[in-house]
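Peer 1: Dock chain L against chain C, hints included.
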Amino acid sequence: MAKSLYIGPYGRWLPIAFGAMTVLGAFVLLEILLRVGVINRYIVPLPSEVLLSLPRIIVEEKVLARCRETAFEMLISSAAVIAIGVPIGVALYRYKALRNALEDWFAALAAAPIVLAFPLFLVMFGRSATTIIVMSVVSGVAPIILKTTEGLVATRPVLLNVGKSLKMTQSQMFWKILLPSALPLIFTGIRLGWTFVLISVVGTEFLINLGGLGQLINDLAERYDMPGTYAAIGFVILVSILFFISLERVEQWLGRRT
Amino acid sequence: MSSTITSWGDKNPARLRTTNLIRIGFAIVLLIGWEAISRSGIFLRDVVPSLGPIALAIFKLVQNPVFYANLQATAFEIAMALGIGSALGIACGIIIGSRPFLSAAFEPYIYYMAPTPRIIFFPVMIMWFGVGVASKIALGAMSCFFVVALATADGMRQIDRVLIRVGRSFRATSLQMAFKIYLPAMRIPVLNGIRLGFGTAVVTALLAETKLSNQGLGFMVMQTYSRFDMPSLYGLLIIIFIIAGLGNAVLGRFANTAHHS
Numbered sequence: 001m002a003k004s005l006y007i008g009p010y011g012r013w014l015p016i017a018f019g020a021m022t023v024l025g026a027f028v029l030l031e032i033l034l035r036v037g038v039i040n041r042y043i044v045p046l047p048s049e050v051l052l053s054l055p056r057i058i059v060e061e062k063v064l065a066r067c068r069e070t071a072f073e074m075l076i077s078s079a080a081v082i083a084i085g086v087p088i089g090v091a092l093y094r095y096k097a098l099r100n101a102l103e104d105w106f107a108a109l110a111a112a113p114i115v116l117a118f119p120l121f122l123v124m125f126g127r128s129a130t131t132i133i134v135m136s137v138v139s140g141v142a143p144i145i146l147k148t149t150e151g152l153v154a155t156r157p158v159l160l161n162v163g164k165s166l167k168m169t170q171s172q173m174f175w176k177i178l179l180p181s182a183l184p185l186i187f188t189g190i191r192l193g194w195t196f197v198l199i200s201v202v203g204t205e206f207l208i209n210l211g212g213l214g215q216l217i218n219d220l221a222e223r224y225d226m227p228g229t230y231a232a233i234g235f236v237i238l239v240s241i242l243f244f245i246s247l248e249r250v251e252q253w254l255g256r257r258t
Numbered sequence: 001m002s003s004t005i006t007s008w009g010d011k012n013p014a015r016l017r018t019t020n021l022i023r024i025g026f027a028i029v030l031l032i033g034w035e036a037i038s039r040s041g042i043f044l045r046d047v048v049p050s051l052g053p054i055a056l057a058i059f060k061l062v063q064n065p066v067f068y069a070n071l072q073a074t075a076f077e078i079a080m081a082l083g084i085g086s087a088l089g090i091a092c093g094i095i096i097g098s099r100p101f102l103s104a105a106f107e108p109y110i111y112y113m114a115p116t117p118r119i120i121f122f123p124v125m126i127m128w129f130g131v132g133v134a135s136k137i138a139l140g141a142m143s144c145f146f147v148v149a150l151a152t153a154d155g156m157r158q159i160d161r162v163l164i165r166v167g168r169s170f171r172a173t174s175l176q177m178a179f180k181i182y183l184p185a186m187r188i189p190v191l192n193g194i195r196l197g198f199g200t201a202v203v204t205a206l207l208a209e210t211k212l213s214n215q216g217l218g219f220m221v222m223q224t225y226s227r228f229d230m231p232s233l234y235g236l237l238i239i240i241f242i243i244a245g246l247g248n249a250v251l252g253r254f255a256n257t258a259h260h261s
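From first to last, the protein sequence lines stand for chains C and L. Per our numbering, the first sequence runs over residues 1 to 258. Per our numbering, the second sequence runs over residues 1 to 261.
No wet-lab data here; the hints were simulated from the structure. One thing to keep in mind: the hints can contain errors.
Selected chain C positions facing chain L (Cβ under 10 Å, derived; list incomplete) [claimed, not checked]:
(1) TRP105
(2) PRO180
(3) LEU220
Label-pair restraints from in silico Cβ distances [stated by the list, open to error]:
(4) ARG249(C) with TYR109(L): 14 to 24 Å
(5) GLY11(C) with ALA27(L): 57 to 67 Å
(6) LEU75(C) with ALA55(L): 36 to 46 Å
(7) ARG253(L) with TYR42(C): 41 to 51 Å
(8) ARG253(L) with LYS96(C): 18 to 28 Å
(9) ILE28(L) with GLU60(C): 52 to 62 Å
(10) ARG165(L) with PHE18(C): 20 to 30 Å
Don't be surprised by glycine CBs; every beta carbon is placed ideally from N, CA and C.
Just chain C, with the same shape it has in the complex (with noise of 0.2 Å):
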C-alpha cells in the first residue's frame, strides 16, 4: 500500500488531505440529509449521536475490555497461524512429491467458508473462546501454506546458485537466501490468513453472541440502539486497522533486517 504514495506536484499530503476532507465532506452531507429529513433517522442515526455516543459505550459497555478479550482472541490465533502455516509451507516446498500431493488440497481448504462450520465447533468445544480461537485458526492457516511455499519455489535460481557456490550448509541457504527471499509473499500469505482469522473472530463473537467487540454489536443492534451499533463498528473496523498496520510495520522491520 505504501509503495502506491502519490509524489506529484501537489506533494504528498495534499491528496491526504483532500481524501479525508472529501470523508468528513460526505458525514457533514448526511448530517443534514438526516436533519431535513430526506433520510430517515429511525434508519440512519446521525452522524454527531454516533460520535456522542463514544463516551457512553466506552463506559458503560465496557468497550476497552472487550477489546483487550477481540485481540486476545486475534493475537492468539495469529500467531498460531504462522506458527502451523509457515512450517508445513516450508515442509511443502522441501518435499516436491507430498507439494504436488497435497497443495490442490490446502487450496480448496484456503476457498471453503470454514467460519460456517461454527456450529460445529460450538458443540466440540462448548461455548468458549477456545471455539473461537481454533476456529479462526483452521479458517487462516491454509493461506499461509500457501504463499510460503509459492514464495519458497519462487526463489531466483540465480541466488540458490550464489549460496551453492559459497559451499552454505542447508540451513544457512534458507535463512539467509530462501526466506528473506521468500519473505514478501510470506506476508501476502499472512495478510490474507490473518484476514480470514478476524473474519473467524469478530464473525463468531457476533454470531454466538460470545465475547468481545463482535458480541457488543449483536446487543446494541438488539436494543436498537443504533448510534451504539455504529459507534461499535467504528471501533471493529479501528482495530481491523490497527492490526494490519501493525503488520505492515512488522514487515517493514523484518524487510530492513534482512
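Peer 2: What follows is chain L alone, placed relative to chain C:
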C-alpha cells in the same frame, strides 16, 4: 488464492503415480483417524459421527428437494452480490487506478476497509434493506467490492502506457477506453480480484443466512444444528465446501485461460 494446480496435466507417469499414492495414503489416514476418533469417545457421543451415517446423510441430502430450493436461494444471493460488487468495484478501481491523486486520496480507505469482517455490518444492512434476500445481497456485494476495487486499481497501474496513449490518440470516449483498453489489458488482475471477491461474498452471505433468514444453505445449517442432526450437519457442510471449491475452481480456470490467451 493463486492457482496452485500442480499435478493436473502432469505427463510424467512415475511422478503422477507417486502423487496419487500420497493422496490416497493421506485420504486413508484421514478417514481411519476420523473413524477412530468417532469410536474412541474423546468427544461426546454423536458429536463426531461415524463415516457411514455421514455418507448416508449426504446421499439423502442430494435427493432432498428442500436442499435444492435453499441452494437456489443462496446461489441467487451470491450471483447478485458478485455482479453488483464486481461492477462497482471495477468502476471504482478504474477511476482511482487511472488518477494517482485520487489513488493517494482514497485507496488507503479501501485498502484498510478490505479485510474488515463484513458480517458486523449486518444489523445496518437489515435496517437499510430488510430481513429478506436484499440485505444478504448488499452485504455480499460490499464484501466483494473492496477486493475487486483494489485488484482493478492495481491492474490499472500495470497497463502499458502505450495502450492508453493509442486509445487517447483515437479520441476514445471514457466508456470505449474502459471496454476496449482498460478491461482487456487488466483482465488477469480483475479476474483474480473477482475470484477473491467470490470467496468473501460466499462467506458473508452464508453467515448472514445463519444469523437471520428463512431460506438458503446458511439457514439450513442452523436448522440442522437446532435439531442436533450431526450427520446431516457434517454432510451439508461437506456439500457446501465442495460447491464453494467448485465455484472458486471455475473462476480460477477463467483466470488461467485469460492468462494464456
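Peer 1: What are the numbers of the hints that this structure violates, sorted from low to high?
Peer 2: 2
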